[in-house]
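Trainee: Below, each chain spelled out in residue letters.
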Amino acid sequence: MSLLVIRILRLAQKEFLALLRDKKSRLVLIVPPLIQLIVFSYAATFDLNRISYAVWNEDPGLFSRQLLARFSGSKNFHLLRAVNSEEDVKSLIDNRDVLLVVHLRSTFSRDLLAGRQGSVQAIIDGRQSNTAMILMGYVQTIVQTFNDDFVTEHGLTPPIAPILVRAWYNPNLKSRWFIVPGIVGLLTLVISLLVTALSVAREREDGTFDQLLVTPLRPFDIIMGKIIPGFVIGLLEATAIILVAVFLFHVPLRGSVLALYLGILLFILSGLGVGLMISSVVKTQQQGLLGAFLFLVPSIILSGFATPIENMPRVIQDLTLLNPLRYFLVVLRSVFLQGAGVRILLLDYGAMAGIGVVSLVLAAHFFRKKIE
Amino acid sequence: MAVAEQKNSPAISVSHLVRTFRSPRGIIRALDDVSFTVPKGTITGLIGPDGAGKTTLLRILAGIMAPDGGKAEILGFDPETQGPKLQRHIGYMPQKFGLYEDLTVGENLDLHADLHGVPVERRSEFYAPLLAMTALSPFRSRLAGNLSGGMKQKLGVACSLVHAPPLLLLDEPTVGVDPVSRRDLWEILTTQVRNQGTTLLVSTAYMDEASRFDRVVILYNGHVLGEGNPSDLMSNVRGHVFWVNVPDIAARRLEPLLSQVPGVIDAVGEAEEVRIVSEGTSPPSLPEDMKGARTKSLDPRFEDAFMLLLGQEQGSKGRRSFSPERLGWQNKKRGLLDGGVEDSIVIRDLTRNFGSFCAVDHLTFSVRRGEIFGLLGANGAGKTTTFRMLSGLLLPTSGELRIDGQDVLGAGVSNLRSRLGYMSQKFSLYSQLTVTQNLTFFTSAYGMTGKRQRDRIAEIEEFFELVPYRHESAGLLPLGFRQRLALAASLAHEPSILLLDEPTSGVDPLARREFWRTISQLSLWGISVLVTTHFMTEAEYCDRLAIMSLGRLLALGSPSEIRARARTEACPNPSLEEAFIALLEQENRARDAPL
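Chains A and B are the protein sequences, given in the same order.
Numbering-wise, the first sequence is residues 1 to 372 according to the numbering used here.
Numbering-wise, the second sequence is residues 1 to 595 according to the numbering used here.
Chain B with its partners taken away, still in its complex shape (with noise of 0.2 Å):
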């Protein structure tokens, strides 16, 4: 059959789209009055912080889901009326992809091949680049469901891809995914757009991506702030950025001091200085109090932009007010904890085995007091068992855990675990329970009673401004606050040490700002933040990080240290991402040496 459209048509275009869901809280408008279009044989990207409609978007134009109002049209069909049809010219990926996990490799490609009428006698043929390409071959007798994270989604990508179809539409397949199945991934998606013509629509909550596509289209709360290619978006932001270096005040100290001055739309510290976004094309004129303070224009990132259109759009309402001078409630009640112990955490020859497999293999670092310290590794690495045996959730085979000077393995647990905040990355809380009912339990559970839990929780309502949502039940809320509630549930029993299993997980850059900033803020009153994260953005806010793989440490060291080790010639200013990936590869080729 013909593809009814015109050769230099776009691929997709997409007028005026309206989607409503009802909701307990009312009418959500996932998709309000979306307008865009994505020209044939490109990557296109969808980006935006959860919630903003991605997902929504790419189900209306995969036809299985109809639009309330407006038109879209894809490869010259309208997905509401000709479902059934498109769907034979476009391939889809959704965030959780249908992998048969019981079924290895070479049967779930049969199975999308069989799906798709893609005839018996050619899909070797058809089989072969895509398992080249996905570096699949080896692993063809394989179950699914015992392949990495990664693996599983470039096994998904070559499902979608294995009818060759023309338009292929992808639900953020790099989300949960380590920096270098990441990398590997991008590169399997623009071969098959360079080589193939394949066009590509891609949805992404990293704004560090932005980079791998030809055109984005930015989206927040439901309708377009920005389109174009993201060298022209980022020119926008050319000369609003700087960085910011006071002498005598630390960057901690400094940034949110910073974010509350008019004119700065965005404020991030980073090693020793602070990058802002300014409205204007000039640094803004800073507060008396910050005498001596010097500044430098910078190179503009994509998040940059982000910001930008974000602050112009936004003014500074919806912004959390955050002052350090209410932080107080915590400098009156925590005299610096148990003094004299220098390390919050002691790990060491930390081991635990699972069977024959050694998942953390005689692991030794430590975090000293007040120290915000990062875990990263590839999936599989070994962060969430060390993770688990911090909490107390595993016991470690062998070696030594210490928890501010006393022995984990010993006696007491249970006393020690009220030193411990605990934070996981599905934050964790009784979804149908209310705000308030959330912190009380939780601050039983630590055994406060009375006037003193009372207090308490009035306190974190307050500091975490929770008070309107108070009655609200957990599940309902909006996943920033709920972020915010998981946070407060893990600070309720002022823990000397907080362990943060990927707290950032989906939620958008200014939530995630704003979460950096009291993280910081809580380090400096001496509370140790141990954190695993994907986003090596992120790992910028730390004093110190841990890289591992396959159990062991790789590297140890600041940001800066870090980015150090792995500076080349070719490289000279690695970013921390690219340092991440080039010590991961030395380490894999260093293994593949012969001895």
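So that you can see chain A by itself, here it is in the shape it has in the complex (with noise of 0.2 Å):
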């Protein structure tokens, strides 16, 4: 073997031993990240569970009362209460005690018996606005069913062009399956960032950073010392996390495994060049953390974890292609869900892998920097 490699190899131990050592240090790598994937996997959900409503059925006939059985039987509603007037149903969407009210009028049955559109009104709290839509799906849906029912049951003309939705990949649009896959390269992106972002500013710290100056190791040698361990526990992270999706949140991986794997190396890659260009410019490791943090939100806002790119004003989407995570999402979805191999994705790989050397030549070139 030869001695270079041996100097890179003692280096990667020290970095090991200096993470792994410390009790502390041991812990807030290991435990926050799979808590927080935990906790994360079940409270991030766009899925609306127990909805509390309120109905206001005006209507003593039959229909209201098969339409209104028909939200009290589904688990995704509960019933609060019944009001009777309109007083009650502004205090209750005021109070937060609902999110939805059903109105009937007293001439449902009547008018449904009659052959004539029954109306059925639903008073949604619109004040938080995405789930007040989600919530108006639900509705709709429910209503929708009933209509068909009610058509076939009484030998009515079914509408002319009816709409037979199919969602691929997804087919029950379990917000889970979108949102997890998301986290592992959040908590990906927060590891590699952390394990090199602190560790230069630690050194310079410590003083430690002009011993190694000192020794005949080249800004290239240090940079690999610290790149290899922040790989093995990157790799090892997310790993953990895979199995957690899989086995734990039954997220279905459908696409090949190198593809996965090759998307992780590469984004932990990118995550350490950012980290070590952070480090490399900071003093001390609060200024690191920061920095971090600095990097690590508007790259999680801007790249398609929560609202989609495409939703985004075109200076912002241009803004996202500097942005790692957003090419990481685009392999990790595809991977799980859509089954996607290699061919599909060798452009998100390159432009990851494109970050990573930039970032890494950027972080040497200001090591150097610092003795000039």
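Keep in mind the hints are simulated off the structure, nothing from the lab.
On a predicted model such as this, the values are computed, not experimentally measured, just so you know.
Positions of the beta carbon are idealized from the N, C-alpha and C atoms, including for glycine.
Keep in mind that the hints are not guaranteed to be accurate.
Here's a subset of chain A near chain B, in silico, CB distances under 10 Å, partners left out [what the hints assert, rightly or not]:
1) L3
2) R7
3) R10
4) L11
5) Q13
6) A18
7) S25
8) L29
9) R96
10) E153
11) E203
12) F209
13) L212
14) L213
15) V214
16) L217
Derived pair list, reagent style DSSO-like, types lysine-lysine, alpha-carbon separation capped at 27 Å [stated by the list, open to error]:
17) B:K96 <-> B:K85
18) A:K369 <-> B:K85
19) B:K426 <-> A:K23
20) B:K96 <-> A:K283
21) A:K283 <-> B:K426
22) B:K426 <-> B:K96
23) A:K283 <-> A:K369
Combine both chains into one complex, guided by the hints.
Mentor: Below you can see the structure in the form of structure tokens.
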């Protein structure tokens, strides 16, 4: 084995020891990511469960009861109470006791029997627009199936062009399938940034960085020594997170594991590169931590993790091209849900590799600049 | 409110104070049954090496830490229960004084005046003497962060005096401050005591500051080793101090030999002789092989008194058995280095600019093979910049820099690096790694592998007596051992030049002696040592000294030559510190004088 390789391995070994011999930093690296994965995966969901609602039924007839039974029978809805006046409705919504009030006029059953259109009024709390939209979809679905059943039971003419919806890759549109792969990316980024963003700053605070620079080691060796532990720790944690996603949250892993791990490797590379770049310009660990968060927050928001990039203004869409997480999310979701292989993802791999290499070169440049 | 005590009662009285800390190494008794008193209107010094318990004691007195046992009374208050009341009557300046670096000098003063409720209309009356005394008036609108280390300390003192407290607690105000600023600071404090009747309790690790105090309390390992006025303490050691000269044995070789002689408590090589402190009042009987030894009685210093007290308490236990034979490891390998080249380091017209500021200005000197060369200067004189250029951490703007005859600025820098050993004042070690892991890493960085590396580590661990600590994390070692490990790490790759940046800051006198003995030994084998230090007593160990001021060389020569240059009628036999201050003042006068 050549001397250079041995030196780099020794450097990496030292980094490992520095990270793992200290009980606190060991805990910080392992426990919070796993807790976050579990908490986020349960908490961060767009699905609505047990929506509190009230009923204002002025119709004494049969059909209103049939329709309302479909609400109370759904596990997504939870009937809080029945009300009899508009004032009651107002206070329930205002106090956030219910998100929805279903209002049926006294003529509802009579109209339906007479072959006329019956109308259902859904009063929704619009203060949380996203929730309101999803809720509206649920209400429409219930009313739609009621309509369809009513039409077949009573031998009426069905609508002329019914829509048949099929959601590919996520047939039940479970938002967890969408979110959990995203969390894999998010946590991998946090880990690879933290491992490196603080490491040079810590050495600078302890004075060991000067001690490193006076040895025959070159900036390249130092950087290699610093990224190897990041790779190993990042890979192990990403694997743990993926296992939890597949076996605990039952997110299907349809694509090739090779395509997934190629993505993970390149993504960790870019995360480590950015972390080292931050690390090489800051003076203290505190600044390093701030720098890491300054990068982390926008890169999550502008990644398509929660809101689609296609909805963003043009300029910001262009900005997201610099964000490695953006590409990694594409890789994750394609491999997990769509069953993609290496071939379709080449562009994303290339982008992440590019960001990684450029940031590492910059980091090495800033190291050297400290001397001149 | 009335300060609840009698006129003649002491300002501070401490009885049987105990404070323990839990650490991964077990329970540490930072203060172990400490009792003493401080009379009003005096300067009392709390002298002791690092880790003696000085800071803990001052924090308890300031009412910001509770003791585990015993009692303290300060101006009639109990700091444990009456902290807030007490704090209105005292000023406390911790080791890292909380100056706001992005506020100006004036704003810092205002802030402290606000905190202590000094009425706005009386401020100018309060500030005037403080600013005059500290010579900070011209800098009122300068940012505190842009002041030199010494000026920052002065501003810290001014801020703690802003509410004119009758009692001031200062924690190591002179640490890391150059001799000139140090002297100024003492003048400020003495004036305050004499004119205002303020009572001062000041901690310090510098033994040579003892003469500044009316009374001293010597703290060692959490207990009081001695107490009294400095001249009384010194008179105890009178008659115990001698110099020894043995023909044919150089002081540097003699010192470790003498330190092993029974009855010798302390031995320090100085110029051509060795100073010893003897257990008895007659010189100890010297062994046969020191034929023709001459001894002469000497005037004691405070450090001698400390060493005697320590020696009487400890006997010879706890001291490192330093036998030169054990140093044989080096001889067999180092067949006196790259023969031919006489000068290890050659610096010619070395210059470094930072923007328009010239930190090092056409510096020229050289360090001979096997020489111990000291680089001295006030804070900001350019020592650190020179040092960083030598170690390759900074590129010179212009000039020539040769190491072992090879041009550093040319190719092969990383080849030259293995000839250099570098030890910084922070004892830069990986604190999470064990002793062996640190040594393994540093030797690997210099390209050692396999059996050679393992043998070398074992050898060096044995030499520095680190074997029992092998598997301890470096961060948990006592300070003296951390220093030893840092030196071991910088030597492990067998460099021919050793660069030491304030290598003994904060370690106790015992560890310092031992350190210098090792360094002397290394120089005898032909390793060249370049060292910066603030301790003028340490400069005595050097073969030659360079004194820098404002980036230029002010004086160059052996310690006795430097002393000779500062000899005047008023001061016929100046100490190195006095010589240093005199030289800097000459320079300042020359610069201020019109051309």
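Trainee: Look at each hint and say if it fits the structure.
Mentor: Now for the hints, and whether the structure bears them out:
1. L3: Hint on L3 (chain A): holds, closest Cβ of chain B at ~6 Å, below 10 Å.
2. R7: Constraint on R7 (chain A) satisfied, holds at 6 Å.
3. R10: Since the shortest Cβ distance to chain B is 4 Å, the answer is holds.
4. L11: Status holds, d = 7 Å.
5. Q13: 8 Å, holds
6. A18: 5 Å, holds
7. S25: Where the cut-off is 10 Å and the nearest Cβ of chain B is about 8 Å from S25 (chain A), the hint holds.
8. L29: Violated - the Cβ of L29 (chain A) stays beyond 10 Å from chain B, reaching only about 13 Å at its closest.
9. R96: Nearest chain B Cβ about 46 Å off; hint violated.
10. E153: Status violated, d = 74 Å.
11. E203: 8 Å, holds
12. F209: Holds. Min distance 8 Å.
13. L212: 7 Å, holds
14. L213: Given a least distance of 6 Å, the restraint on L213 (chain A) holds.
15. V214: 4 Å, holds
16. L217: Hint on L217 (chain A): holds, closest Cβ of chain B at ~5 Å, below 10 Å.
17. B:K96 <-> B:K85: Distance of about 24 Å is within 27 Å: holds.
18. A:K369 <-> B:K85: 53 Å, violated
19. B:K426 <-> A:K23: 24 Å, holds
20. B:K96 <-> A:K283: Holds: K96 (chain B) and K283 (chain A) sit about 19 Å apart, inside 27 Å.
21. A:K283 <-> B:K426: Holds - the C-alpha atoms of K426 (chain B) and K283 (chain A) are around 16 Å apart, at most 27 Å.
22. B:K426 <-> B:K96: 16 Å, holds
23. A:K283 <-> A:K369: Holds, because 14 Å separates the two Cα atoms, which is no more than 27 Å.
When the structure is compared with the earlier hints, violations turn up for hints 8, 9, 10, 18 and for no others.
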